[in-house]
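2 protein chains.
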Amino acid sequence: MDRHIPPVGRWKLARRAQQMTHSALRELLKVTERADMISFAGGLPSPDALPLARIVEVTQRILSTDAIGTLQYGPSEGYTPLREAIAERFTRNGSPVRASQVLITTGSQQALDLVARVLIDQGSRVLVETPTYLGAVQAFSQYEPNFEQLASDADGLIPELLSPAQLRGACLLYTQPNFQNPTGRRLPLERRRQLARLSLETGLLVVEDDPYGELVYEGGPLPSIHSMAPDAVVYLGSFSKILAPGLRVGYLIAPEDLMVKLVQAKQASDLHTAGLTQRIAHQVFTEGFLEPHLHALQARYREQCAVMLESLGMHMPPGVTWSRPEGGMFLWVTLPSQLSAFDLFEAAMQAGVAFVPGAAFYAAEPQHNTLRLSFTTATTAQIRCGVETLGRIVAARLS
Amino acid sequence: MDRHIPPVGRWKLARRAQQMTHSALRELLKVTERADMISFAGGLPSPDALPLARIVEVTQRILSTDAIGTLQYGPSEGYTPLREAIAERFTRNGSPVRASQVLITTGSQQALDLVARVLIDQGSRVLVETPTYLGAVQAFSQYEPNFEQLASDADGLIPELLSPAQLRGACLLYTQPNFQNPTGRRLPLERRRQLARLSLETGLLVVEDDPYGELVYEGGPLPSIHSMAPDAVVYLGSFSKILAPGLRVGYLIAPEDLMVKLVQAKQASDLHTAGLTQRIAHQVFTEGFLEPHLHALQARYREQCAVMLESLGMHMPPGVTWSRPEGGMFLWVTLPSQLSAFDLFEAAMQAGVAFVPGAAFYAAEPQHNTLRLSFTTATTAQIRCGVETLGRIVAARLS
Chain A
1 MDRHIPPVGR
11 WKLARRAQQM
21 THSALRELLK
31 VTERADMISF
41 AGGLPSPDAL
51 PLARIVEVTQ
61 RILSTDAIGT
71 LQYGPSEGYT
81 PLREAIAERF
91 TRNGSPVRAS
101 QVLITTGSQQ
111 ALDLVARVLI
121 DQGSRVLVET
131 PTYLGAVQAF
141 SQYEPNFEQL
151 ASDADGLIPE
161 LLSPAQLRGA
171 CLLYTQPNFQ
181 NPTGRRLPLE
191 RRRQLARLSL
201 ETGLLVVEDD
211 PYGELVYEGG
221 PLPSIHSMAP
231 DAVVYLGSFS
241 KILAPGLRVG
251 YLIAPEDLMV
261 KLVQAKQASD
271 LHTAGLTQRI
281 AHQVFTEGFL
291 EPHLHALQAR
301 YREQCAVMLE
311 SLGMHMPPGV
321 TWSRPEGGMF
331 LWVTLPSQLS
341 AFDLFEAAMQ
351 AGVAFVPGAA
361 FYAAEPQHNT
371 LRLSFTTATT
381 AQIRCGVETL
391 GRIVAARLS
Chain B
1 MDRHIPPVGR
11 WKLARRAQQM
21 THSALRELLK
31 VTERADMISF
41 AGGLPSPDAL
51 PLARIVEVTQ
61 RILSTDAIGT
71 LQYGPSEGYT
81 PLREAIAERF
91 TRNGSPVRAS
101 QVLITTGSQQ
111 ALDLVARVLI
121 DQGSRVLVET
131 PTYLGAVQAF
141 SQYEPNFEQL
151 ASDADGLIPE
161 LLSPAQLRGA
171 CLLYTQPNFQ
181 NPTGRRLPLE
191 RRRQLARLSL
201 ETGLLVVEDD
211 PYGELVYEGG
221 PLPSIHSMAP
231 DAVVYLGSFS
241 KILAPGLRVG
251 YLIAPEDLMV
261 KLVQAKQASD
271 LHTAGLTQRI
281 AHQVFTEGFL
291 EPHLHALQAR
301 YREQCAVMLE
311 SLGMHMPPGV
321 TWSRPEGGMF
331 LWVTLPSQLS
341 AFDLFEAAMQ
351 AGVAFVPGAA
361 FYAAEPQHNT
371 LRLSFTTATT
381 AQIRCGVETL
391 GRIVAARLS
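Just so you know, the protein sequences line up as chains A and B, in that order. Okay, so the first sequence: first residue is 1 according to our numbering, each after it adds one. Okay, so the second sequence: first residue is 1 according to our numbering, each after it adds one.
These are calculated hints, taken from the structure and not from any lab test. The C-beta atom is built at its ideal place from N, Cα and C for all residues, glycine as well. Each hint should be verified, as a subset may be incorrect.
Unchecked claim - Simulated coverage check for chain B against chain A, where a stretch passes if three residues somewhere in it have a Cβ under 8 Å from a Cβ of chain A: (1) 63-70; (2) 112-122; (3) 271-279.
Sequences and hints are given; from them, build the entire structure.
Printed below as a string of structure tokens:
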């Protein structure tokens, strides 16, 4: 790869392109791909948790029974049996959804792009958590909204601090209520109810992004905001965390009156998501695969999370705090305010440990003394060793 | 599918979404999917031409040798060996390309979207052929340009009629020089040279869309505009026609100074194209598969094209004319001006024959007496029968 690309000078770029930047996160990830690195940086599933044998088996079956359907052009809305299976699962779990409300996307990132494309004009007001998911900021930014960071605490958004005046006229409110990327926090039931109520009262569209909802380790699942206000919520789901991210299969569930525009945007974006990967995702719903696979994933990540929490307790000096996730892939560390996670990053990389500085996750006014640690990619032995290293570096800087 | 979706009233849509429409073509295609229909409508490869056994075999090999790489997140630029193989093939064919100039896309449709996203502002001047490819108009329209239809004849764009004043300040010129969709026409060598020269002189960016370039049946290949002005052209290629459209793998080749922005747009769109389908496409370049497969495809489609031309000659009444494609998937029929292809469409559908009215393929001022016929999906027996039916309907309307 050519890392020194000349500046764009000859072409008159669209205004949105002049403002585009590389994801700092993905650039960081490239650096952290060294084989000898202990990585707490990426939001990658554990390689051991990918259901390889199952994927090999179902791929063979798909190609031997439905090869033409798999390889020809398909509908923009997605593979019908997959849309039906998603609708059935939601309906069974108490949140009635019709297949006609489900749009299959090329990963959840595309769902973010489609929602933004259909809803955001230049200057639209987009409400986000503090901090918030970097990939959403990146997708939305292309359509040039004004971001407003909402008051948030260790449990997420604080609905009491949202005024109806603030919500009215906003284009959308974006939230990850389950085990948020980057903080790992989960929005409590009562706050979900308040948010749903506010949304119904003010006509505000909530974009509920839920890639980690199935990865719950403590306390059982909580009902989605979508289940409380289905007509006011676009719900985004993904197979990246429960199956495999390289398949690039996600979905969104939207009120029917938004679907028509989202499908048009999908059609103009890439016609449809690959037939083969959609069918592989569909197989997840067959023959009792999903529940045992989820249980195995939950058991694995629960342990990795526990080991990271234990290691932080053993090795971090006083003044450092962190979240205690009940699910997902991430936890969030706050350093004493005189420390910068960027300085720590350099030293940690030299010592062979990678993480993502938290400043990347703010739509505005970043906090520099925060960092995101993923506990899903590294083994428990690596987690112990890597956190000890981080603790030593932090302690040295504080003393 | 719910075909009667309520109008979008509750949501304040982005301006671009208010202007979006469903592709008339894709809506038509749904109607024409009846099993008893002879379809000249879709641009679908012949099901018999899909290399099923090969795809099954390479998929097994990929999953048994590189499953983790296939299933984890990958780079936004695309799978490196695929980018390298594309660059090597171009370089070998006399058009030097570096792998760092190749971006893998989720089908060619995404390449159109990314180019538009990076280059088109509201009101930008976008120059297109007359008629032009519907999917490009659809992708570009989202970014609200002003389209300018360029003078074109049976050979395509007429460079002598392009003034430097017209080209200067235009955002891009979009063309399919090889076996254009919808007309099947091919831009002659001298016109390619003139266009390349004009582009270099005026600084105009040419978007050269070439999904059909490998499907050449008469006269051998012509050099691309990209090969004549690599610094002024974004070239779009696709595996949809030479391998399988359902894989959704395409690519673009761009000057390095545009690549950086195109990759950022790709990252925000869907992070990356599916690892599995990229690797399947890569296998096309191994073990001498591509050339014999292309020869078989060419032989098949050459015959189907010849049968359609012969049948048109036998069954169409005087006053009807059509293009004589040297490759690709389509030919273009012009009816006497008092006939409308839409009227013909209704009657043909009732008689069990589908095509696409040509009016769909104009960025402005559609001609209603034109139609696009695809000769790749139907068998030769169906082609004979379907063209006879069409000829009978046209003759009845003329008499």
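Worksheet item: So which of those numbered hints doesn't the model satisfy?
Response: none
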